[in-house]
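K.L.:
Letter by letter, the chains look like this.
Protein chains: 2
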Amino acid sequence: MQSEKIKLAKVLEKIGDYFSPKVVGEVNDVYVKVAKIKGDELPWHNHKEEDELFLILKGSLFFEIEGEDGFVMEEGELFVIPRGINHRVSSVEECQILLVENKTTAHTGEIVSTITRTIADQLE
Amino acid sequence: MQSEKIKLAKVLEKIGDYFSPKVVGEVNDVYVKVAKIKGDELPWHNHKEEDELFLILKGSLFFEIEGEDGFVMEEGELFVIPRGINHRVSSVEECQILLVENKTTAHTGEIVSTITRTIADQLE
Chain D
1 MQSEKIKLAK VLEKIGDYFS PKVVGEVNDV YVKVAKIKGD ELPWHNHKEE DELFLILKGS
61 LFFEIEGEDG FVMEEGELFV IPRGINHRVS SVEECQILLV ENKTTAHTGE IVSTITRTIA
121 DQLE
Chain W
1 MQSEKIKLAK VLEKIGDYFS PKVVGEVNDV YVKVAKIKGD ELPWHNHKEE DELFLILKGS
61 LFFEIEGEDG FVMEEGELFV IPRGINHRVS SVEECQILLV ENKTTAHTGE IVSTITRTIA
121 DQLE
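Chains as they are written, first to last, in this note's numbering: chain D, 1 to 124; chain W, 1 to 124.
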């Protein structure tokens, strides 16, 4: 069990790839992760049984939900995408985010793309 | 199910009492909360079966774990206090934090003090 404090900026600094979350905290059945987003390669996907929380740490994120107008999320804003809802996120400039997800949540749902990361990748 | 983005600063602005968390997101079996901390009234307590995550949004927090030296957490730092471990937090100046806890986690564990809040209080 983790027993040290974690400086999010330090973890983010070390992340080389965009759309590649890293686990920073384990809390019961969830992982808290950070990621850097830049570009629009993330495919549309959903997590059938799992909600997913996004918090913007730095920059801004374009959030799209199938059938709805896209919207911009700014630093200090949070959004929960309910289970089963198709979504994707993108950003022109680098955006840093925090995620709260079940340990079982697959990165890009049932979709597999070149950017898809396994849980093992995210725990490295 | 929540489907609007939440501005954490707006929620924090409305919180009148210190040590009084408010739920800002529901993600599967966990609540994500924000709280303002000032003073040292929070009693020593633990959560028998539940880990609890603290992320500092603003200011600094003094974190104490029974039998260990206290330490300071600064903005952008995160700590998971494992289940069953006695702890308390305090701050001389106002500190704003984000918490990730199981829905079942009691505010001050099995201890009841004048500052103890129910889950209903936190969902108001």
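Don't read these hints as lab results, they were simulated from the structure. Note that this is a predicted model, so its numbers are computed, not measured. Don't take each hint at face value.
As the list makes no split between identical chains, a pair holds if one copy fits it or if it spans any two.
As a list, the in silico BS3-like pairs of lysine-lysine whose alpha-carbon atoms are at most 25 Å apart [unchecked claim]:
id, residue 1, residue 2
1, K5, K48
2, K14, K48
3, K10, K48
4, K48, K58
5, K22, K7
6, K38, K14
7, K58, K7
K.L.:
Could you run down the list of hints and mark each one as holding or not?
P.N.:
Taking the hints in turn, this is what the structure says about them:
In this assembly of identical chains, the alpha carbons of K5 and K48 lie at most 25 Å apart only when taken from different copies (21 Å versus 33 Å within one copy). When the C-alpha separation of K14 and K48 is checked against a cutoff of 25 Å, the pair qualifies neither within a copy, at 31 Å, nor between copies, at 34 Å. Taking identical chains as interchangeable, the C-alpha atoms of K10 and K48 are never at most 25 Å apart, the minima being 32 Å within one chain and 31 Å between chains. Taking the closest pair of Cα atoms, K48 and K58 never come within 25 Å of each other, the shortest separation being 28 Å inside a single copy and 35 Å across copies.
Taking the closest pair of Cα atoms, K22 and K7 come within 25 Å of each other both inside a single copy (13 Å) and across two copies (24 Å). When the C-alpha separation of K38 and K14 is checked against a cutoff of 25 Å, the pair qualifies only within one copy, where the shortest distance is 16 Å, while the shortest distance between copies is 33 Å. Taking the shortest Cα distances, K58 and K7 sit within 25 Å of each other both inside one copy (14 Å) and across copies (14 Å).
Checked against the numbered hints given earlier, this structure breaks hints 2, 3 and 4; the rest are met.
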